[in-house]
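Protein chains in written order, with my numbering: chain A, 29 to 466; chain B, 7 to 456.
It is possible that some hints are incorrect.
No farther apart than 30 Å at their CA atoms in a straight line, the calculated lysine-lysine pairs in the DSS-like style are these [to be verified]:
1. LYS234(B) / LYS464(A)
2. LYS55(A) / LYS129(B)
3. LYS247(B) / LYS442(B)
4. LYS390(B) / LYS173(B)
5. LYS390(B) / LYS432(A)
6. LYS390(B) / LYS321(A)
7. LYS168(B) / LYS346(B)
8. LYS135(A) / LYS257(A)
9. LYS442(B) / LYS112(B)
10. LYS435(A) / LYS150(A)
11. LYS321(A) / LYS346(B)
12. LYS435(A) / LYS429(B)
13. LYS371(A) / LYS236(B)
It is worth saying that the hints were derived from the structure and are not from the lab.
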Amino acid sequence: MYKNLALISFLLIGMFLSGCQIISKEKHNEQGTLVVLDTDEQRFRTEYLGTINRSYPKLEVVLVPYENYRNEQTKQGNLTNQEILSGAIEYYLPDIIIARERADFKKLMSDNRLAPLDRGIKSDKYDQDPLDPKLISSLRGDDGLQYALSSHFTSTVLYYNQSAFQQAGVATPNDGMTWEEVYLTAARFSGNSINNNKEYGLYLPNANSTFSAVLNLAYEQGIGFFTPKKELALRTPEWVKVWETVTKAVTSGALFPFGQDAAGEDPIKQFSEGKIAMIYGDDRLIAQIINRKADWAMVSEPIHSKQPDVGNNYRYLQYMGLSVNAPHRDLAWEVMKLLNGEKAALSFSGQGIPIRKAVANIRYNHLDLKAFYSLRPRDSEFEDPAPTGLDPEFYLDLYSEGDKKVKEVIENKVTIDQALLELEELGQVLVKRYTKVE
Amino acid sequence: MKRKFMIGWIGIAVLLSTQACTKVEKIKEPVTLKVWSWEGNYGDYATDFAGAHEGIRLVRVAPIDETNPMNGYDPEKMKQRFEQTLQAIEELQPDVLLLEIPQYIKLAREGKLASLEQRVKRKDFNEATYSPSLLTMLRIQGSDELYGLADNLYSEAIYYNKTLLNKNQIPLPQSSMSWEETLRLADRVSNTNAGIAGYFAGTDERTRAWAIISGIGMTSKLQYVNAKDKIVTIHTPAWAKIWQMVLDGYKSGAIIENTQEMSVNRGGHNYYKPEDSYGLFLSGKAAMIKASPGFKDILSEQKVGFEWGVVAEPSDPTLKEGISMQPLNIYAISAASPYKDEAWQLIDYLISEERQKRQAAAVMSMGGLPARIDANQGEDSFIKPFVELPPSPEGQFVEFYRDDIPNSFIDSFSLLADAYFLKLLDGTLSVDEALKQLQEEAQAEFNKFK
């Protein structure tokens, strides 16, 4: 009897103790090496390495020196980023491949570099709990299988101050507005003032000059510099419209001033005080706006009427894939689940919205994030059909000329038509100068 | 009886084990720390820290310079921006703050920061491995109390071309010589070998004369302006002696400088290539240069064919203080924070020996040094000259950030001083005449700000 009791007590204690250990440590004893290729090495070091080391103290993680490799390859010849990535995979044989750009991820899938993860996800009951199933579908290939795990994405929305709209008697923004509507709404605030302070309709934190606002608006609407025949075309009706919209918003005071003009102002504070009605920007602004305790809300990013369900600025912060040739496949999969798991997502402190509902609710305190995922990510990156062999330096020169021209328009020295005519002529000279003759 | 005892024992054992367990299992509601920090700085540690400290979450508060950057230097707007930064800190109530020196000085003075004196005295902080000079400097700037800790520091020392000096049988420089000794040594170099200078004063778009002269004056705490009485004080025997010494150096070739326009990169920013900035030292045309720890990387990248050494920067023989040290990344805790212990955990993590070792190479290539000196394993002899002198309370960075003289006056004084130095080189004036005129002109300029 005593023996039994002693045994029971021993077992009981043993159970509790082991239970404790599982909960408190979650350490694994795997030894050996795991090779990881991350196209952003620094982010791997700062965001992932500590997590792996804490959970697998005996495991050696070898990070592929991708930046050096890329620099060496770039010196040797005219390789695209994707070709360099392929070369690195063949040379270093990584277990885990982390792409940071969608184009890289797509290329990895089409080259059959990645293993499908569906079976593992199902058998391990790896719970992705997405805010919206569309978020997961972007991690799938054309065959419908999932080739990457991800934990966070980023996108842009339109933030607005509710009381500013109420006071001005302007209807509040809604999901799916076009850019034209946004600029028209912004114009309703120009010339208003609150307590002798000027009121602005719209603040564009991603633009630091009028010309960069022109370029951003063109990008948002898929307007490029070249025709499908690879000819420079800057006087199209679409471009004229973009120039008109932005310059008018600047001269009328609908837009919060850019860069140096605004120096000394804190736009987030002004937004919280209702002196700026709307901000178009990414999810980083949420924390700043919350800190300022504004009366605010957000709607989805403005859309292009031809593709009303597409968002231009969705980006996943990681596309973490398992190499088809992974030498340590099982271990790699365990580590991938760890890095993309709920716990890691909770401690992730960089920019980005968690893909998981539960994590998003905690991180953002049950804030309604619908505006961030109500559109679907673009299928492919927008590409401007530039002539082959055009040196990217061309764009820098074109931008500096464009910057001069837009200033002349603002100062009423030239009309938009005249400015675009001159810019296109200058641009054609630049195209010639920067195109390599093979 | 025995049985009862046994059951009782089991009960206690179970109770104990469950208690132990609940202690582990019970996860407190996590504390959220607001961190005032630049995105690049924060991104380097936030996720890793939160992963290692489950009870603490971090949220970043962006400094207003980041939400609304200034495109260019405007001394008048700098002041306004400084005020706004302080106001934003007041309104946004961050728990942990990444501060620049003037912000640290001001907030410490106003009692807005929590003292860290008790925390660094605790054994687990291991004060012995944290740079004592840096602690001294942070205390000086905190009005004799420690209100912040830096994870890195910046400092300069004298690099010398050992091969060149040995070849010409000139004794090697010693740590913390006086400027007089340093320039005398430089003079010997220029005397022995035609075409080789002693001390390379650096590259700039105009002469570096006032930068050198004021730096020497600073080691002896000479002031060229008495800010309290608003009097310019450059026309004194002490200053005249330094002007004469530097003038002689320029004339004899003991001191050499490189004056050239900066290149402009595509982004429209002006810059010097390393060949421009340090060329005369790299090519063996000058024997000594004052530079930061990052210069070591340039020496190895440029594959110089000579042996080199480092000694502490020149100092005033009676004071023996360094003027080039400054803390990089000062972290402080808000006096109003309800989570001071958690905030301390973040700072403690940032300056932990483990993290400092991991970051050492990256920090040094950026020109800094880790605050934990032993993080630079095996580099003792290289590091020592940068940290061995106690820092002057009136070092060059304090001078740079001083708020009792208008920035624009400091700029115009330096223009005037350089212009007078060029006149001295032409031989059209004596040092005494030059300083007398400089004093009068600068005083008239300063009077405009009264």
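So, going through the hints one by one against the coordinates:
1. The hinted pair formed by LYS234(B) and LYS464(A) fails the criterion: a straight-line CA distance of about 64 Å is larger than 30 Å.
2. Between LYS55(A) and LYS129(B) the alpha-carbon distance is near 29 Å, which keeps this suggested pair within the 30 Å criterion.
3. Between LYS247(B) and LYS442(B), the direct Cα distance comes to roughly 14 Å. Compliance with the 30 Å bound is thereby established for this hinted pair.
4. Among the hinted pairs, LYS390(B) with LYS173(B) is consistent with the structure: their alpha-carbon atoms are about 26 Å apart, no more than 30 Å.
5. Between the alpha carbons of LYS390(B) and LYS432(A) the distance comes to roughly 52 Å, so the proposed pair goes past 30 Å and is violated.
6. For the proposed pair LYS390(B) and LYS321(A), the alpha carbon gap of about 49 Å is over 30 Å, so the pair is violated.
7. In summary, the hint linking LYS168(B) to LYS346(B) is not supported, as the alpha carbons are separated by about 50 Å, beyond the 30 Å threshold.
8. For the given pair, LYS135(A) sits about 26 Å from LYS257(A) by alpha-carbon distance, which is consistent with the 30 Å threshold.
9. Among the hinted pairs, LYS442(B) with LYS112(B) is inconsistent with the structure: their alpha-carbon atoms are about 36 Å apart, more than 30 Å.
10. Note on LYS435(A) and LYS150(A): the hinted pairing is violated, with a Cα-Cα distance of about 58 Å set against a maximum of 30 Å.
11. For the hint pairing LYS321(A) with LYS346(B), the CA-to-CA distance comes to about 23 Å; that is within 30 Å, so the pair holds.
12. About 43 Å separates the Cα atoms of LYS435(A) and LYS429(B), which puts this hinted pair outside 30 Å; it is violated.
13. Straight-line distance between C-alpha atoms of LYS371(A) and LYS236(B) comes to about 60 Å, which puts the hinted pair past the 30 Å bound.
When the structure is compared with the earlier hints, violations turn up for hints 1, 5, 6, 7, 9, 10, 12, 13 and for no others.
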